[in-house]
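Chains A and B, in that order, give the protein sequences.
With my numbering, letter number 109 in the first sequence gets 109, and the count goes up by one each step, no holes.
With my numbering, letter number 20 in the second sequence gets 20, and the count goes up by one each step, no holes.
Hint data in this document are derived by calculation from the structure and do not stem from the laboratory.
Think of the CB as a built atom: it goes at the ideal place given N, C-alpha and C, for glycine as much as any other residue.
Among the hints, a few may not be true.
[Stated by the list, open to error] Here are some of the chain B residues that sit facing chain A, going by a computed Cβ distance under 7 Å: (1) Val52; (2) Ala76; (3) Val145.
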Amino acid sequence: MFDKTASCGLIWDFAISKSVDESQRWVLSTMQRHGQELVTMLWRILGNEQDVCDAYQDTFLQLAHYQGRQKPEHIKAYIFRTASNVAVSMLRRKMAEKRLCRTIAEKPDARLYLAKQAQNAYPLNQLDSKHLQETLRYCITRLPEHLRNVLTLRDLAELSYAQVGRILGISEGTARVYRYKAIQLLAVWMNKEKKADQ
Amino acid sequence: MISKNKNSRCGKIKAWLHRVAGSRLGLDAAWVQKHIADCPKCRQRLALLGRVNLALSMIKSQPHSLDLLMRANAQAIGVLRHSLRYSPKAHRLKAVRPEPKLWERCRKYTHSVANAAACIAIVILMKTGIFSYMNNVQTQGRNVVKHYYAAQVGQDMADDMFST
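Can you make the complete structure from the sequences, with help from the hints?
Okay, here's the thing in structure tokens:
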């Protein structure tokens, strides 16, 4: 009697583990299908390879634990939005840290030292390019969520307006309008940053 | 069926409207360029937008190392369930490298495909059009000459002459 119960239990456990394995296999399929696009988008948002790996890991961890390990209905929409949010949160944290460092290093001696260090690390034209990219990244983190989502998906993930609309649940026309507004805001903010730097 | 036709017509009109609006209202339109040349405020606005576009292009053109996808996959797989971590698919993903998209891979063959298509088109034209036309001309000419000889020297002689 006991043997029979034990064997039934084993079969039941085996069945459960097999079904969990089957149900979680889509995580790897998603990684295979969308991994490359996600890495490209994260790289463009973050600009640092270790941060890209961390954000990518966070995204798939969230996907694997989505509502009791269930597969989301619109998986592409879910991972792109999650990845974008994770990346922007990381970027915001980094920017805040940098700002803090800058306020600490406000003393003239420290400023001179930092400027020399930066010039040694990159030639002057590369420094300008890096600065421009950093400024844009900082401004992107300040955008309202709906505008930022469209901008990251359209310009950094290079998805079509139709795909962006489908992912965010808005129409193609709305996506175009949001992108236009985002670019206008970025232009104004980047100009302010430039003036502040001068 | 009717709604399908209507939709396709709507799509065509939409595309046409975009094209027309783009040519008349886009930055390349002559009147816009002329205005920008005269208006300092618009010039400044354009310069600001150009700066954003430049920064976006710079971000897009920055390459990452080739093994980034591999490393990202390995790190992400490392925190998944044990059974997924050691599956054959996971092993493949840990060694995957970025591959160009299908249309990018096909782009290098476009010239050869275009050349081959042109050759095939010429062959088809020669086979169907030019050769059959030439044949027609030849047979019609032959018939005319045969008629002429039949009228001049008689049908029998003409048949003899054109039978060989």
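Hint-by-hint comparison with the structure:
At a threshold of 7 Å, the smallest CB-CB gap from Val52 of chain B to chain A is about 5 Å, leaving the interface hint in force. Of the supplied interface hints, the one on Ala76 of chain B holds, with its beta-carbon coming within about 4 Å of a beta-carbon of chain A, less than 7 Å. Interface restraint check for Val145 of chain B: the shortest CB-CB distance to chain A comes to about 66 Å, outside 7 Å, so the restraint is violated.
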